[in-house]
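S.K.: Given next are the chains, with one letter for each unit.
2 protein chains.
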Amino acid sequence: MTNDRLVFFFGNGKAEGKAAQKELLGGKGANLAEMTNMGIPVPPGFTISTRVCHHYSLATAEGGPDSPDRFPDGLQEQVGEALERLEEAIRRRLGDPGAPLLVSVRSGAAVSMPGMMDTILNLGLNHETTEGLAAETGNPRFAWDSFRRFLQMYGNVVLGIPSERFEKRLKAAMRECGVERDADLEASRLETLAGEYEAIVLEETGRGFPMDPKAQLWGAVEAVLGSWNNERAILYRRLHDIQGLLGTAVNVQAMVFGNQGEDSGTGVCFTRDPSTGERKPYGEFLRNAQGEDVVAGVRTPQPIAELHQAMPEVADRLAKVMRTLEEHYRDMQDIEFTIQKGELFLLQTRNGKRTARAALKIAVDMVDEGLIDEEEALLRIDATQLEQLLHPSFDKEAPKDLLARGIPASPGSAAGIVALDPDTAVRMAAEGKTPILVRNETSPEDLKGMASSAGFLTMRGGKTSHAAVVARQMGKVCVSGCGAMQIDEEDRSVSFDGRRIREGEEISLDGSLGEVYAGRVPTVEAGIPEDLTRVLSWADRRRRLKIRTNADTPKDNRKAREFGAEGIGLCRTEHMFFEEDRILHVRKMILARNDEERREALATLLPMQRGDFLDIFEVMDGFPCNIRLLDPPLHEFLPHDPETRAAVAEEMGVSEEELRQRVADLSESNPMLGHRGCRLGITHPEIYEMQMRAILEAACEAVAGGVHVLPEIMIPLSSAASEVGVLRRRLEAVAAKVFEEKRKRVSYQIGTMIETPRAALTASEIALEAEFFSFGTNDLTQMTFGFSRDDVAGFLPAYLETGILERDPFEGIDLKGVGRLMRIAVEEGRKTRPGLKVGICGESGGDPASILFCHRLELDYVSLSPYRVPTARLAAAQAALREKKPG
Amino acid sequence: MTNDRLVFFFGNGKAEGKAAQKELLGGKGANLAEMTNMGIPVPPGFTISTRVCHHYSLATAEGGPDSPDRFPDGLQEQVGEALERLEEAIRRRLGDPGAPLLVSVRSGAAVSMPGMMDTILNLGLNHETTEGLAAETGNPRFAWDSFRRFLQMYGNVVLGIPSERFEKRLKAAMRECGVERDADLEASRLETLAGEYEAIVLEETGRGFPMDPKAQLWGAVEAVLGSWNNERAILYRRLHDIQGLLGTAVNVQAMVFGNQGEDSGTGVCFTRDPSTGERKPYGEFLRNAQGEDVVAGVRTPQPIAELHQAMPEVADRLAKVMRTLEEHYRDMQDIEFTIQKGELFLLQTRNGKRTARAALKIAVDMVDEGLIDEEEALLRIDATQLEQLLHPSFDKEAPKDLLARGIPASPGSAAGIVALDPDTAVRMAAEGKTPILVRNETSPEDLKGMASSAGFLTMRGGKTSHAAVVARQMGKVCVSGCGAMQIDEEDRSVSFDGRRIREGEEISLDGSLGEVYAGRVPTVEAGIPEDLTRVLSWADRRRRLKIRTNADTPKDNRKAREFGAEGIGLCRTEHMFFEEDRILHVRKMILARNDEERREALATLLPMQRGDFLDIFEVMDGFPCNIRLLDPPLHEFLPHDPETRAAVAEEMGVSEEELRQRVADLSESNPMLGHRGCRLGITHPEIYEMQMRAILEAACEAVAGGVHVLPEIMIPLSSAASEVGVLRRRLEAVAAKVFEEKRKRVSYQIGTMIETPRAALTASEIALEAEFFSFGTNDLTQMTFGFSRDDVAGFLPAYLETGILERDPFEGIDLKGVGRLMRIAVEEGRKTRPGLKVGICGESGGDPASILFCHRLELDYVSLSPYRVPTARLAAAQAALREKKPG
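Going down the list, the protein sequences come from chains Z and C. When the first sequence is numbered by my numbering, its final residue is 1048 and no position is left out of the sequence of numbers. When the second sequence is numbered by my numbering, its final residue is 1048 and no position is left out of the sequence of numbers.
Excised from the complex, chain Z in its bound form (with noise of 0.2 Å):
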């Protein structure tokens, strides 16, 4: 019958659940079980399992929110079961006056989610039990305070009324009695207080307060169901790429009070500090306060070291709780406790988020520590956040102009534009600015904005509040509670102690130091970090792809060496067109009226390019250099704006007329699927020609200079195998000149993108002309959705917010369609060429998803920006990991 077990008990040192059953009980309430187990105190409760939201999902989906059919059959027996349970193990009862049971009504689904969903606290509450609640504990105040915050609670998250109303007649009340703490508000007004509220409520739902607690009980519990389903949960999972959960548990879980005076408190802390790593608790509490406060960010709390000075037992206890988990979970936990009357309750604990460097720190710490091998620390990295790691901070030596200082939240450097709204925020990135977030603080309505901002900065709130947590969670940085911050809503600017910024105009953040900064600092190149240099050390000899680089020019090139690139992947030749001494020239060649004229302006541009490409040859001495020819229409390369046309037409001598004309004559419908690429090769042969001497002239030179070089001539957007073919023996004759001329040899392979639909599907046949592929997933995904990546704005944030694609297909390897077509390229390429090299230079492979379906695949490389490099270096070794032990 276990399979029809819905709810799960915990308390008096025992529970029904434990930490593995985090699908079925969430993560909180798997470790809830698991704590009341391992003897840690926690306050009683139950979990009501996730499959009951996904119950509950499909059925109102299909019969609307009062589908008669919304819970599955047994629910409500087994939930009076176990609050009866839950009744005689901590000997209060719901509605009872002599001794009110409080509860706690939580979400917590397998994978955290943090605010996303709703909570609501002391759920038992009306005028009877507050009254008890007063008489028992001698302490009115606390008693009606809790009501008035249940009301306020309950009122906002399940009845749907604006928490500003209810927050408007608190702030009345505080200004009435002249205090600037709602601690400081006393019983009786607190009392009055209550009746406003439910005054409030009458007014906007037409009906009073639900005063019975079993009512309140199964309103805050269908409020949680109901909350997987809010938009808000709907794109946290989308952001996060969160798939395949069965929805939240719901936990509900006797009340303990860190508002019952000074001996009382609340706090969250991390087991090591997770912005740096480092081995030490990291947290903050609040005295006399309620969890929501902490991590609402509304109050500033105090560091949790000084928890040692107020409560030195409470202290000792928490941190003897903490290695106890530590050890048990062997992870860095994050956890939730509420100090009742000097006595310890812990409320959550979970693995806790961190940023890359800490992430680095503590995996290399366990390793030393002996809790974890070097595999499980591998895996144990999130691959996609070591970029930020390796970006440049500010310079050190650079005058900066200080604004403020703040709360260091989340490290990192960030300069870009104020913006004072998230819409504001989404719309300058959409605009291609950088955008930095400025608000009093955050919350989840924000998410999106802070999604296209580089950094936060809030006047409230510390390490743990929204933002701080959001911030390292994304990698970005953030400053918290910067108090000297004032904003000016109406004025659209921001002033700092009187200095005013309007929104729009520069700001850099150093979230490591928590400073504010007037106008944009300028950075410098961050060393590799230690750490990371080890941990890549183990990645290395784990993985079985190979990591190149997507690099144009020599520094890049440098770059990506030093990140540990093994070859270049893609070298974009028309990026070296496009420099302020060739693209007179380029021109000249294109607008060329007869051959004669082209070759002239092609031959100034051959030693340029040889130039080029012996700097590369040098850099990557040993390692392949995959250079692609020509690629872009050439109409890219003349100017479209009619003064730099004039300006253009003067310094080549032509008339503005006839160049205007050439730009139109060269304008094409979609110039995406227009002439590109190799036909481009195919129409013009003499720039093919003169690409395929330079490279192979500075391919002779470097190995006369004793470099070792391996150049690959990529061939882009083939469609058929004849393209490869003919363009083949063209550069075959070209080389066959160039050696005869040079008396040298040097081996080259001539290979393609397979960047359209048709290149995959005959991938057999062009085999046999290329010697290597490589995947432009960019343009294989554009054509294979048929979605021009330049105009997907007007549809694609509808298709994310709607579901209908889980995510961008730009951002990893669509692999129902994009990677259907590798498949058949690598299986059906290889069959015709065995062990036909085969590698992938588009951006969309670089995320570890799409790592992990190229080692899959048995691609040789992935190449990708030299930033991604190491971030790549590690998703590949993470993906032969999973593929030694699957999931």
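Hint data in this document are derived by calculation from the structure and do not stem from the laboratory. Please note: incorrect hints may appear among the correct ones.
Identical copies carry no separate label here, and so any pair may be met within one copy or between two of them.
What the hints assert, rightly or not - Keeping only pairs whose Cα atoms sit at most 35 Å apart, straight-line, the calculated DSBU-like set for lysine-lysine is:
#	residue 1	residue 2
1	Lys609	Lys749
2	Lys175	Lys561
3	Lys609	Lys903
4	Lys749	Lys514
5	Lys1045	Lys992
6	Lys175	Lys332
7	Lys514	Lys903
8	Lys594	Lys175
9	Lys749	Lys557
10	Lys992	Lys898
Given chain Z, work out where chain C should sit, using these hints.
M.R.: Chain C only, in chain Z's frame:
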């Protein structure tokens, strides 16, 4: 040792080859052998097999034109032997002045390619043999005329000297002697002319004319072999989709002479009329002339009917031979004959090319005559030709401005603008105009220009001239032999008895009457010929594929029904949006500033669309109607040029600037891959909702009127099952509302276009949401290749010329890429939804090869524009028959 036979002898009533060996002997060679075996008088000779040409092509491509291995082993010996047998059979010897053997050397591939490859006549002549021939025949004029003709032909074809160089001399000689016809030049003058020709050869080639007949023979054989790969021949094969041949055979045959006096002559003749199919010989002859004179159209010959008067005995013999040939081959024959001093020789027979009208009549007549059965008749008709029968012809009642009369050489009506050379015709066609090519005479060099023209008008030539033959075959109109016409190349004009028409001005050709009119004569619809009705009824009994039509207007739909369409495969609703009374509301809808304005504009459009659909349902009573929801991007409906924009802005009451901005906002980088199709439907739900409502309201109204409706609602451009799912649910909601309002239910289906590669690749999922698929092969081809149809002009011609692509992929389904995706979609779609209805609505699916593919894929239907419906009915039957007997 048969495998090693490279040369096949025929003569003395016996031949080593036979008609079935076309692959090896070419059509001409196989039929010469067959005729010899039938006892028909054929001059003896031998055929060098196509395997020699294949060997020659490969060897010269590899080793250059002088490769020592260019002939297969044993060829020289076998030719030598065959030559000896030929000499014995005719009792003359090559180079023997006493009884000189003259031979013709002609090409002949398995598929006829008239005029494409080279021919040499009178080979074997030199000074000695010419003297000998003069002595033997007692006709020095004939001998020297033959020699000078040979010098010119050999000089041009084998030695590559432009014909004009010789022609100029000939004309000069005629002027000198004051004669009009070359036949009037005397022997001595012809001898001098021969000397002048020899001088031209020396001057042009730097060496004397080869006087050794064996050297002449090998030179001619090699020229024929080499002509297989000349540019014209390659183009011809591409135009006619001729693939997989080994090469041309070379026929060496004893010459007989039609230019031995007035009891000699030459002619070409069809056993039935190739224009109308009428059962009477159709051809021409020229007295005292060689065959080239007829085919080249330089002299205008007499109709074959007049042969009876000229040479009654020969005419009787010819009539008997033609009957024998037709009974033997069971098809209409196209023969060449020569009369040498009253004796008839057949030089060639082959199945005659014919117009669609003739093909139909001949097929039907032969069934009635018991020569062939219905299935053979169906397989014999070229389905692509049928379309020409159905297009409108000149209105008989319309006033016409007759310019001149010529020979009705290829039937039909064509109106267009005058083009005086092929290049101009190509250019005009590229500009979207319809050229009529006007020339003194056409030659194979003009082919490209002819393919671009709607009709040809020539001053010279008869019904079997180059222009006439090509026209009938291409289904174009031709008026030849229009002597009243004079072309002024410098003035770029043509005058008809003094009336001048400039290049670029309009004329009209009636190819059935042989009349030329000034201006554009209005046309009327053609009925369906009775023969076609009969043939299509045979076809309908044998085909499995249903045939639908792509039609958007009631007029098109009526036409398509008349042509036998079994429903609508694609109704593009956007075409309705462009109508004059609607476009304003469409623009208002697009430019709406809020939902209300948008709904208002849509409400105006609703009854209009409903009216359209009602009309369609009524016309297609009882047949399925596939209606595609709005597909093109919204900016297509907005004005782009400043004047229209100003007018529209005023009409709509918005500022010009606002309109310009909106157009700019909506413009896209790659509109083909942009915000269109179902993406538009998803982001603008109200548009599809309006369309769905209009369709179903119309359906309800139609049903109320007793019409049987079968609406299929098609979602365009899907790339994921979820798109179809989301839209399907929205559309079903509209349907439920409409049915409730109307208190009526109409059954309908919702399906999707498969036109992105991803839709094909995820067909198994899409089929869960879609009740039918329809392949949009235009877009599917664009995305599979990455070719924008609007932009291929820059490279596709080069691709076709170099053979990178064998065929324009938009003209028929590309089997390797697009076809493979279609196969995946059909197989996997039907795996999740057995019996899934699948059709194709891209025009590229309309050629017979594609229809064969669709038949084999087991599609339910193909859908084409109305005029192509009969073609498809026939092609579908042919597909079914070919399945029964492959090949």
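S.K.: Enumerate the violated hints, using their earlier numbering and listing them in ascending order.
M.R.: Violated hints: 2, 3, 4, 6, 7, 8 and 9; rest satisfied.
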